[in-house]
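A.B. asks: Chains A and X, in that order, are what the protein sequence lines are.
Under UniProt numbering, the first sequence has 234 at position 234, and the numbering climbs by one with no breaks.
Under UniProt numbering, the second sequence has 39 at position 39, and the numbering climbs by one with no breaks.
Think of the hints as simulated: they come from the structure by calculation, not from any bench.
No incorrect hints appear here.
When the alpha-carbon atoms are kept at most 25 Å apart in a straight line, the in silico BS3-like pairs for lysine-lysine are as follows:
1. Lys288(A) x Lys220(A)
2. Lys86(A) x Lys17(X)
3. Lys13(A) x Lys249(X)
4. Lys111(X) x Lys86(A)
5. Lys94(A) x Lys29(X)
6. Lys55(X) x Lys17(X)
7. Lys111(X) x Lys94(A)
8. Lys220(A) x Lys133(A)
9. Lys117(X) x Lys17(X)
10. Lys111(X) x Lys233(X)
11. Lys233(X) x Lys94(A)
12. Lys85(A) x Lys117(X)
13. Lys111(X) x Lys8(A)
14. Lys117(X) x Lys94(A)
15. Lys253(X) x Lys8(A)
16. Lys117(X) x Lys86(A)
17. Lys8(A) x Lys249(X)
18. Lys13(A) x Lys253(X)
19. Lys13(A) x Lys263(A)
20. Lys85(A) x Lys8(A)
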Amino acid sequence: MAKSALLKSSIVKKYWMALTGLFLCLFLAGHLAGNLQLIFGTSLQFNEYALFMTTNPAVKLLSYLTYISIIFHAIDGIMLTIQNKKARPIGYAKTDGSSSSLASRNMAVLGTVILVFIATHMTNFWAKMHFDKNMPLMTKTIEVEGNKQQFYVGTNVGQYYPVEQVAKEGEKIETKIMQLPKQFVIKNRTELYYLQADVKTADLYKDLHKLTVDFFKDPKLGLAFTAFYVLSMLALAFHLWHGFQSAFQSLGVNSSKLTPVIKFFGKAFAIIVPLLFAIIPIILHFKK
Amino acid sequence: MSAAKNININLKIWRQKNASSKGSMETYKLDNVSTASSFLEMLDQLNEQLINERKEPVAFDHDCREGICGMCSLYINGRAHGPDTGITTCQLHMRMFNDGDTIYIEPWRSKAFPVIKDLVVDRTAFDRIQQAGGFVSVNTSGNTIDANSIPVPKDDADKAFEAAACIGCGACVATCKNGSAMLFVGAKVSQYALLPQGKVEATQRVLNMVRQMDEEGFGNCTNTGACEIECPKGISLENIARMNREFLKASVK
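Please take these sequences and the hints and turn them into a complete structure.
C.D. replies: What follows is the structure, given as structure tokens:
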């Protein structure tokens, strides 16, 4: 690498912006595929997917890349914006604006909206899934000998544990109905232990599906959450409208053959992806 | 084209005594401007009026007045070189305006183009970028090589020619919301990168010109594409992409 050029040059900042941006486009596509299971899949399927996404090592690596990309994209964007503001200390009394698109002129504002959305989104779902001790566990109602009973769902197919029989942490409850080992303890919110022998008997599913549906169905704030989500997706759409094709230009990909294809694909991506994202909370909020 | 007529206009012009003074927008009224006159002739008319009133005339850049020297500038009604495409200010005519119009006239606004007086800005930053690498080193002392001795593909020659059409007027910087000079530098880098004669110094050229561009305080390109629209010579954004490719190539060498 030639000197320190690859760290501080204006063009290098653009490369980083483009690379992190395009990687985040891939992330968006993956995230959308997961979200669509809220509409097209069962709650078990969605929770299985959520468990996979929070435990698989390859996914973990990708998720760290995603966090780094978001942070880098934001910091680089802030640096570029500050420099660009400094490049014109005195503004014009009259500007026309017809020579560039609204989206392209407001990438920093749109990006800020998206960053605020990401922060609230991660607080509401990601942080609860990872750290919340009170995260609901997935249960299933099954009829046993004529009685409807609530069961925790084990991650091994066919494993069910009656909710009543599973003690809360440290607390002992006598078994009543089933001929099952006596007391269980949930050590952390996913693992079920046999109390006497301290042996792990099963993993349970965290109920991200229920958390998500309840969030958007909340009688007080559900509509506000849904509206904020949809508006954020609108900001994302405008951000992608300019950003997608802009990334290729920054990386030096511009030719009369390729550019029309890139622009078409970018605009389709900018409409379809945020639209599908936005439809999901609307369906969850208004269903039933 | 309809016959020329006379119109009365209002002008709002940036007046600034010198580089260190503050400056402000001043309002002037100018009557009987022929729609057949050029924009610069209208300013000449205003200056005659100001001189007759024993006031300081408005300073503005101009030279060839036929759209080739790149000297005339002016940000007119929010657009570089005014409300038309593919022209410099000297090629703008008063027929683009209507009776009673208020016309805003401002200097190029960029940290790298400081105002010297009124509408005149210092564009030597472009010269310094050019000097940093916008040339080929050729021994011209009596043994000039015939231009056609090195074959150049027609497509490359055409693209190099289109890039070389840049007159360095600075409209790209003026119109860019970031005050970025990347269309100018992209054109200058491309002009040589496309030709065999320019390949010899290609690595150092792009690194040095981009470094100089950054040092001058120009902003960063965010691909809004405004420069391409306002460029009087129709320099394409492809040139910025080519510079980005050249820079990457040079950086990893």
